[in-house]
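K.L.:
One-letter residues, chain by chain:
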Amino acid sequence: MRNAGPEPPEESPAGAAPRRLTLNMGPQHPSTHGVLRLVLDLDGETVVRAEPEIGFLHTGIEKEFEQKLYQQGVTLTDRVDYLAPLSNNLCYCLAVEKLLGLEIPPLAQWMRVLLTELTRLNSHLVWLGTHALDVGAMSVFLYCFREREDILRIFEMFSGQRMMTSYFRIGGLALAPPRGWHQPVRRFIEAFPSRVDEYEELLTRNPIWLRRTQGVGRAPLEDLLDLGVTGPMLRAAGLAWDIRKAEPYSGYEQFQFEIPTRRESDVYARYQVRLEEMRQSARIVRQALEGMPSGRHAAEAPHVVLPDREKMKTEMEALIYHFKLVTEGFRVPPGEVYQAIESPRGELAYYIVSDGSAKPWRVYMRTPSFGNLQCLPRMIEGGLIADVVAGMGSLDFVLGDVDR
Amino acid sequence: MLPPPLQAIPVLAELQRWDPSALLEGKLDRGEVTLVIEPGKILEVCRRLKQEGGFRRLSSITAVDWHPAAPRFEVVYHLHNLETNQRLRLKCRLEEGAELDSVTPVWRGADWYEREVWDLFGIRFRNHPNLRRLLLPEDWSDHPLRKDFPVHGRRYDYAEEGAP
Numbered sequence: 000m001r002n003a004g005p006e007p008p009e010e011s012p013a014g015a016a017p018r019r020l021t022l023n024m025g026p027q028h029p030s031t032h033g034v035l036r037l038v039l040d041l042d043g044e045t046v047v048r049a050e051p052e053i054g055f056l057h058t059g060i061e062k063e064f065e066q067k068l069y070q071q072g073v074t075l076t077d078r079v080d081y082l083a084p085l086s087n088n089l090c091y092c093l094a095v096e097k098l099l100g101l102e103i104p105p106l107a108q109w110m111r112v113l114l115t116e117l118t119r120l121n122s123h124l125v126w127l128g129t130h131a132l133d134v135g136a137m138s139v140f141l142y143c144f145r146e147r148e149d150i151l152r153i154f155e156m157f158s159g160q161r162m163m164t165s166y167f168r169i170g171g172l173a174l175a176p177p178r179g180w181h182q183p184v185r186r187f188i189e190a191f192p193s194r195v196d197e198y199e200e201l202l203t204r205n206p207i208w209l210r211r212t213q214g215v216g217r218a219p220l221e222d223l224l225d226l227g228v229t230g231p232m233l234r235a236a237g238l239a240w241d242i243r244k245a246e247p248y249s250g251y252e253q254f255q256f257e258i259p260t261r262r263e264s265d266v267y268a269r270y271q272v273r274l275e276e277m278r279q280s281a282r283i284v285r286q287a288l289e290g291m292p293s294g295r296h297a298a299e300a301p302h303v304v305l306p307d308r309e310k311m312k313t314e315m316e317a318l319i320y321h322f323k324l325v326t327e328g329f330r331v332p333p334g335e336v337y338q339a340i341e342s343p344r345g346e347l348a349y350y351i352v353s354d355g356s357a358k359p360w361r362v363y364m365r366t367p368s369f370g371n372l373q374c375l376p377r378m379i380e381g382g383l384i385a386d387v388v389a390g391m392g393s394l395d396f397v398l399g400d401v402d403r
Numbered sequence: 000m001l002p003p004p005l006q007a008i009p010v011l012a013e014l015q016r017w018d019p020s021a022l023l024e025g026k027l028d029r030g031e032v033t034l035v036i037e038p039g040k041i042l043e044v045c046r047r048l049k050q051e052g053g054f055r056r057l058s059s060i061t062a063v064d065w066h067p068a069a070p071r072f073e074v075v076y077h078l079h080n081l082e083t084n085q086r087l088r089l090k091c092r093l094e095e096g097a098e099l100d101s102v103t104p105v106w107r108g109a110d111w112y113e114r115e116v117w118d119l120f121g122i123r124f125r126n127h128p129n130l131r132r133l134l135l136p137e138d139w140s141d142h143p144l145r146k147d148f149p150v151h152g153r154r155y156d157y158a159e160e161g162a163p
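Line by line, the protein sequences give chains A and B.
Going letter by letter, the first sequence gives residues 0 to 403 in numbering that gives the first Met the number 0.
Going letter by letter, the second sequence gives residues 0 to 163 in numbering that gives the first Met the number 0.
Because the hints were derived from the structure by calculation, they are not lab data.
Fair warning: this is a prediction, and the values are worked out from it, not measured in the lab.
Be aware that one or more of the hints could be misleading.
[Stated by the list, open to error] Result set (BS3-like, lysine-lysine): computed pairs, CA atoms no more than 27 Å apart in a straight line:
id, chain 1, residue 1, chain 2, residue 2
1, A, Lys-97, A, Lys-323
2, A, Lys-358, B, Lys-26
3, B, Lys-49, A, Lys-244
4, A, Lys-358, B, Lys-146
5, B, Lys-146, A, Lys-97
6, B, Lys-26, A, Lys-97
[To be verified] Covered stretches of chain B (in silico footprint by chain A; criterion: 3 or more residues with CB under 8 Å from a CB of chain A, positions within the stretch not fixed):
id, segment
7, 75-82
8, 125-135
Think of the CB as a built atom: it goes at the ideal place given N, C-alpha and C, for glycine as much as any other residue.
The task is simple: from the sequences and hints, build the whole structure.
P.N.:
See the structure below:
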């Protein structure tokens with residue numbers, strides 16, 4: 000760890016008092032949303048140099064994957080980005096399914112789309128609420144968490160869990176969708192667009208919000224690309240790139256939605272992009288709700304998917320498959336895949352290397368927060384210390400996702 | 000040498016014409032292109048791929064430990080071309096203790112990825128501007144994603160203490 004104590008005073012020309020100050024922000028700081036340490040070199044109120052120190056939430060999840068059977072790995076993925084657990088479930092499952100060459104039935108694909116879009120709403124709501132809170136608008140937080148609660152209830156209805164859902168499994172879904180699941184989802188999605196209007200009423204033309212966000216935390220598109228930034232950050236800099244459109248997965252090519260972009264690449268533009276993304280996600284959820292196909296919730300692949308509980312009581316084969324799957328897992332053909340999806344924060348990808356056994360040889364998570372956080376110094380250097388928190392909020396990183 | 004389906008991709012054919020010795024192997028598997036690059040030429044290959052091949056984005060850098068096989072490590076680069084929507088995987092095979100050129104002059108974003116590989120695998124990158132540990136504390140001595148790094152703690156043995 001670098002020593003962040005006060006630096007020796009610099010020689011100043013006219014014998015004036017030294018102006019440079021090193022300020023240690025975090026690791027325990029409410030606006031870092033996790034445990035991030037920032038070492039700021041200040042000249043008066045201007046940030047001269049910023050250096051993020053990460054790793055406080057490093058849990059060695061990638062190492063742990065190597066000790067687990069493939070199907071056990073699903074529950075680890077929830078814990079990486081704890082604001083978007085289903086996006087991580089989806090990416091991991093898609094990667095393993097690609098290795099296995101498994102076809103997923105339409106119901107499972109559409110249900111995955113519906114739930115990952117609800118996850119995007121969930122994540123953006125937490126972002127909006129906490130970002131506004133950081134910048135000083137308290138009430139937005141309460142509105143956002145009201146809607147988030149509805150989404151968490153929907154997750155609980157599907158999977159029995161509010162946050163660590165693990166609802167997507169290799170081959171499909173963990174459980175068939177519960178009876179009557181349409182009503183709560185429909186009720187939520189009918190009301191949601193008017194809720195976004197409410198947030199906009201609170202912020203979009205609010206003069207304080209505008210002055211705290213417009214022209215703050217700017218970074219040109221070239222620099223963002225060079226630094227490995229993805230997702231809404233790039234779209235707010237004018238690049239209409241969304242993996243859901245560019246490399247559709249899980250049936251996204253069947254849905255109509257637009258990629259919102261802005262050119263300003265400041266905190267306000269990122270706010271506008273994410274708000275419009277919420278409207279687009281609501282559109283996708285509505286389409287998925289109305290066109291939901293019927294059929295099986297998991298692929299017919301007895302060597303991968305756990306058998307039906309009912310069948311286990313009557314069929315010997317089902318019982319044997321169940322026993323084999325739970326005790327030994329399933330073997331995955333050797334090879335490697337890189338599966339990318341558009342998570343709420345940007346490009347989320349799993350790189351999985353298989354050696355042909357029932358446990359992955361290597362699982363690498365290319366997490367969007369890690370790539371995005373690297374551009375933080377570029378955004379805040381040269382700005383005022385008061386804008387550091389606004390810039391950090393606009394990045395929307397999750398430290399669990401950064402440190403893994 | 001590149002197999003025929005890869006030679007049909009103009010960027011790769013170009014790369015092979017430029018320096019056949021830089022490309023050791025190539026394969027197309029499950030729709031994904033993998034090239035094995037001569038470790039000494041990784042920086043030049045990356046520069047060319049970015050400038051002439053349009054691979055403006057570096058998605059990630061990571062490594063795989065094949066212990067006890069030799070060569071032990073593979074450093075894996077994932078590149079992405081936004082215009083053609085093409086993804087490309089580059090690999091360098093390394094023995095333990097070998098070093099690679101840093102690609103930070105090509106993509107500044109490689110900084111943290113290379114630091115992470117150093118931290119977790121112990122592979123050094125030449126000319127990296129700031130090759131310190133990234134995730135683990137600086138006084139940590141091991142590289143935990145190596146396959147010979149234990150997952151469990153040492154089993155406590157009562158006999159060692161001479162307990163009854």
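K.L.:
Would you mind marking each hint as holding or not holding in the structure?
P.N.:
Results for each hint:
1. Distance hint between A/Lys-97 and A/Lys-323 is fulfilled; the C-alpha atoms sit about 22 Å from each other, no more than 27 Å.
2. Taking the CA atoms of A/Lys-358 and B/Lys-26, the gap is near 24 Å; set against the 27 Å cutoff, the hint holds.
3. Of the supplied pair hints, the one linking B/Lys-49 and A/Lys-244 holds, its CA atoms being roughly 23 Å apart against a limit of 27 Å.
4. The straight-line distance between the Cα atoms of A/Lys-358 and B/Lys-146 is roughly 14 Å, inside the 27 Å bound, and the hint therefore holds.
5. Proposed proximity of B/Lys-146 and A/Lys-97 is supported: the alpha carbons are some 25 Å apart, at most 27 Å.
6. Restraint check for B/Lys-26 and A/Lys-97: satisfied, since their Cα atoms lie roughly 17 Å apart, inside the 27 Å limit.
7. Coverage of a stretch by a chain is defined here by at least three residues with a beta carbon nearer than 8 Å to that chain's beta carbons; for the segment 75-82 of chain B and chain A the count is 3, and the condition holds.
8. Counting residues of the segment 125-135 of chain B whose CB lies closer than 8 Å to any CB of chain A gives 4, which reaches the minimum of 3, so the coverage claim holds.
The structure agrees with every numbered hint stated previously.
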